[in-house]
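Asks: Residue-level listing of the chains:
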Amino acid sequence: MDYYLSVATFAGLNVILALSLNLISGFCGQVSLGHAAFYGLGAYAAALCSVAGLPMGVSVAVGMLVAGGFGIVTGFAALRVREDFLAIVTMGVGFLFLGAVRKQAWLGAEMGIAKIPSPLDKWGYAALAIGGAVAVLLLSLHVRRSWMGRAFGAVAQDEDAARSIGVDVSGYKIAAFFIGTAAAGLAGGIYAHMTQLVVPDAFNFVQSVTILAMVVVGGIGSTLGVVAGAVLLTLMPEMFRFINDYKLLVYGGLLLLVMRFSPEGLAGLVHRVTGRRLA
Amino acid sequence: MLEGVGLGIAFGGVRAVNGVNLRVERGELAGLIGPNGAGKTTLLRLLTGVLAPEAGSVRFEGKDVTRVPIHRRAQLGFVLTHQIVRPFREMTLLENVMVAAASEVTRRPWRALASVEVWPARQRALALLERLGIADAADKPAHSVPLGYLKRMQVARALALEPRLLMLDEPLAGLNYTEAARFADLIVQLNAEGTTIVLVEHNLGEVTRIAGRLLVLHNGAILAEGEPREVMARKDVRDAYLGVQAAHA
Amino acid sequence: MFYLELLLVGLVWGCTYAMMALGLTLVYGLLRILHVAQATVFTLGAYVGLLVANHTGSLAGAFVAAALAAGLLGPLVYRFIYRPILDKPPFVALVASIGLLIAMEDGFRLLFGPYGLSFAKNTWFTTAVGFGGLSLNLVQVWIAVAAVVLLSLFALFATRTRAGVAWRATVSDPSIAESFGVGVSGVRHTSFFIASVLAGVAGVLVGLLNNLVEPGMGSVISYKGLAIIVLGGLGNVPGTLLASLLLGVVESFGTVYLGKLLDRDAIAFLFLILVLMIRPQGLLGKAR
Ligand SMILES: Nc1ncnc2c1ncn2[C@@H]1O[C@H](COP(=O)(O)OP(=O)(O)OP(=O)(O)O)[C@@H](O)[C@H]1O
Ligand SMILES: [Mg+2]
Chain A
1 MDYYLSVATF AGLNVILALS LNLISGFCGQ VSLGHAAFYG LGAYAAALCS VAGLPMGVSV
61 AVGMLVAGGF GIVTGFAALR VREDFLAIVT MGVGFLFLGA VRKQAWLGAE MGIAKIPSPL
121 DKWGYAALAI GGAVAVLLLS LHVRRSWMGR AFGAVAQDED AARSIGVDVS GYKIAAFFIG
181 TAAAGLAGGI YAHMTQLVVP DAFNFVQSVT ILAMVVVGGI GSTLGVVAGA VLLTLMPEMF
241 RFINDYKLLV YGGLLLLVMR FSPEGLAGLV HRVTGRRLA
Chain B
1 MLEGVGLGIA FGGVRAVNGV NLRVERGELA GLIGPNGAGK TTLLRLLTGV LAPEAGSVRF
61 EGKDVTRVPI HRRAQLGFVL THQIVRPFRE MTLLENVMVA AASEVTRRPW RALASVEVWP
121 ARQRALALLE RLGIADAADK PAHSVPLGYL KRMQVARALA LEPRLLMLDE PLAGLNYTEA
181 ARFADLIVQL NAEGTTIVLV EHNLGEVTRI AGRLLVLHNG AILAEGEPRE VMARKDVRDA
241 YLGVQAAHA
Chain C
1 MFYLELLLVG LVWGCTYAMM ALGLTLVYGL LRILHVAQAT VFTLGAYVGL LVANHTGSLA
61 GAFVAAALAA GLLGPLVYRF IYRPILDKPP FVALVASIGL LIAMEDGFRL LFGPYGLSFA
121 KNTWFTTAVG FGGLSLNLVQ VWIAVAAVVL LSLFALFATR TRAGVAWRAT VSDPSIAESF
181 GVGVSGVRHT SFFIASVLAG VAGVLVGLLN NLVEPGMGSV ISYKGLAIIV LGGLGNVPGT
241 LLASLLLGVV ESFGTVYLGK LLDRDAIAFL FLILVLMIRP QGLLGKAR
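Chains as they are written, first to last, in our numbering: chain A, 1 to 279; chain B, 1 to 249; chain C, 1 to 288.
Hint data in this document are derived by calculation from the structure and do not stem from the laboratory.
A quick note: this is a predicted structure, and the numbers were derived from the prediction, not measured.
Fair warning: there could be bad hints in the mix.
Claimed, not checked - Below, simulated BS3-like cross-link-like pairs (lysine-lysine); rule was C-alpha separation at most 30 Å, straight line: (1) A/K115 with A/K247; (2) C/K260 with A/K103; (3) A/K247 with A/K122; (4) A/K247 with A/K103; (5) C/K88 with A/K115; (6) A/K247 with C/K260; (7) B/K140 with C/K88; (8) A/K103 with A/K115.
Please construct the entire structure, taking both the sequences and the accompanying hints into account.
Replies: Right, here's the structure in full:
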């Protein structure tokens with residue numbers, strides 16, 4: 001049972017991470033190759049708070065705010081640079097986070113932060129992660145239906161045209177980064193308490209790419225597709241044990257094949273087969 | 001209503017616009033003409049804030065807006081349509097216009113997040129598409145319709161913002177003779193309803209027919225301005241056009 | 001003296017970056033693709049070079065074999081991965097490229113083991129060269145020599161040969177080049193070939209420099225290569241070379257002065273971010 005609960009928890013966390021990246025990259029069109037940094041910021045901030053004696057709820061909230069705060073800073077960077085430049089800058093943000101954390105004694109350097117208090121049992125974390133995933137899912141569906149979603153679409157498709165019809169492009173980019181990174185911080189806070197240990201390597205470039213893989217395999221921009229992608233990529237290594245030894249080979253290969261043969265991901269396949277667009 | 005003072009910008013040595021002063025009065029329909037490369041598009045971009053001027057300033061309804069960002073100017077009622085069409089390619093024509101029609105709501109991200117009501121914007125957008133005669137393609141994605149439709153959609157999108165000053169960059173280009181004439185009539189109508197309009201056009205027949213006043217731009221400077229027929233009769237204006245044609249031949 | 005040594009070490013690193021980044025710029029200039037998977041080509045070059053050197057004992061043979069293997073792989077990547085998705089949004093090729101890199105890195109691990117291999121005999125590594133009171137090892141000297149020679153050859157090719165001129169025409173406007181009878185496809189394959197040969201040779205050199213060839217050796221250098229071409233002003237060759245050397249030197253001084261706060265990679269990317277915030281178009285890029 002414990003095993004299934006922990007798989008369910010990770011599936012929930014991955015859904016949160018993938019949906020939050022989808023909000024930034026899929027809805028608002030701002031490529032980010034450093035999403036794991038915000039996951040890590042949330043985890044580290046929550047871990048510090050909990051170790052200092054704050055209750056878990058407060059710690060997780062602080063984690064979200066810290067991640068969202070740095071997200072806003074990154075959003076400002078996205079106002080200066082676009083597209084390929086932005087992709088590399090966000091990748092740089094990821095490396096900067098890692099390289100800074102690795103050197104800070106007060107963050108435990110390479111050893112990270114251990115002995116984080118863990119007030120819940122396995123059921124509790126699974127419920128929390130899945131509850132969080134459902135909340136972010138509902139938020140995504142709502143954003144898509146609201147005027148914010150349409151304005152995001154305008155920003156993603158043509159920034160200059162969006163400006164000339166009165167859309168505050170900068171405001172929307174920053175909003176997208178704030179919402180998306182704060183949600184990633186939520187995942188980080190839950191993760192830190194569940195595992196009771198955070199180390200820098202859990203938030204490296206490969207982790208960023210893994211989140212991105214979930215988004216593109218599901219179909220960038222499609223909420224339901226991205227949920228499916230996240231669940232699928234979480235379960236696959238569990239279902240086929242042998243995959244675990246070749247996890248990166250499979251992830252990398254899958255990214256490559258999806259981009260090469262069906263760049264719209266699972267959502268694109270559904271569209272082609274049924275003629276219907278997923279939300 | 002709009003006043004540009006000493007506007008100038010250069011692109012790597014080419015002085016595209018050079019010390020231009022111009023005034024647009026409330027309620028007028030002004031034509032801005034000039035040979036290819038004269039700097040008309042660049043001047044409009046300077047006025048609307050797409051480009052930041054290297055020299056000079058822009059005043060709109062008495063307020064200095066030189067440093068005001070484009071989207072704020074659009075919200076103030078000062079709107080530009082681009083010479084090269086810029087649709088939101090993945091949206092339908094209707095959705096393209098709806099985003100503009102809802103600009104009250106989309107102005108602030110948080111307000112936009114709180115609102116899911118589409119009907120008012122949808123109704124207004126549909127009415128505008130009908131007015132421009134492209135309602136039949138309302139539900140087609142922008143990347144799949146012909147240029148003439150996109151040009152008109154762009155004007156509908158601009159009108160959805162309820163502009164007080166509308167700057168149109170070659171709206172007639174790419175339309176056939178009857179389409180162009182009908183479109184020109186629409187521009188006159190809009191102007192009669194109270195929208196001040198600046199029209200950049202190469203279709204000299206239509207501009208001289210509908211504009212109340214003509215400005216001629218040549219090599220980045222105002223060469224002539226005044227009553228359309230008088231301006232068109234001036235020798236220097238004819239030479240400016242012919243000179244370019246001779247150089248092109 | 002200490003500063004001079006830091007500068008020199010930094011410049012040597014800059015030379016390896018340059019060999020990597022020049023290829024990335026070529027590809028970007030032609031196709032607007034951030035070719036991360038060049039790391040795979042680099043690592044392949046290093047492994048092939050190492051295997052040949054350890055079996056035959058000939059370093060010259062190692063370089064030739066590495067250049068050939070790399071020069072074969074690059075154009076294949078273009079043909080079978082990038083070419084079919086050129087008309088898709090830019091992130092598609094980038095993500096495909098990252099996927100290939102990650103998969104191949106794991107592939108190298110499965111083939112050659114996770115811990116890396118060393119050269120059986122690496123005399124360059126153990127030979128110190130006095131250099132006006134400074135001491136470098138012979139690998140570092142060869143890196144500098146190789147970079148200068150290969151990059152000069154490239155400059156000659158680009159400015160003096162028909163193929164080079166065709167290449168530059170294609171970079172500035174593919175459709176016009178085509179109408180003048182330039183074979184765009186050939187130019188693209190050639191560019192991938194050149195980029196890959198440079199990367200393969202750089203792979204062997206870096207393997208010699210660390211006396212270690214490991215599965216992940218290409219990734220960080222390739223991410224930095226991307227940082228460099230962005231820094232230089234995407235698709236701008238002189239900018240790329242300038243940025244390579246600059247980044248090498250910044251890292252070498254940065255690790256000394258900021259080493260307590262940030263690691264080497266973080267210093268490189270911090271520098272990138274700072275420069276881009278001030279000049280969003282890169283050092284020598286044109287403002288848009
Ligand atoms: N972004 C730019 N970068 C470099 N040069 C530019 C740029 N925009 C315009 N120019 C140059 O400025 C000059 C004026 O161009 P502009 O587009 O304003 O002319 P125009 O009067 O609108 O011409 P047309 O009638 O062909 O639309 C031209 O020489 C053009 O090449
Ligand atoms: Mg023009």
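Asks: Against the earlier hints, flag every one the structure doesn't satisfy and list their numbers going up.
Replies: Failing hints, ascending: 5 and 6.
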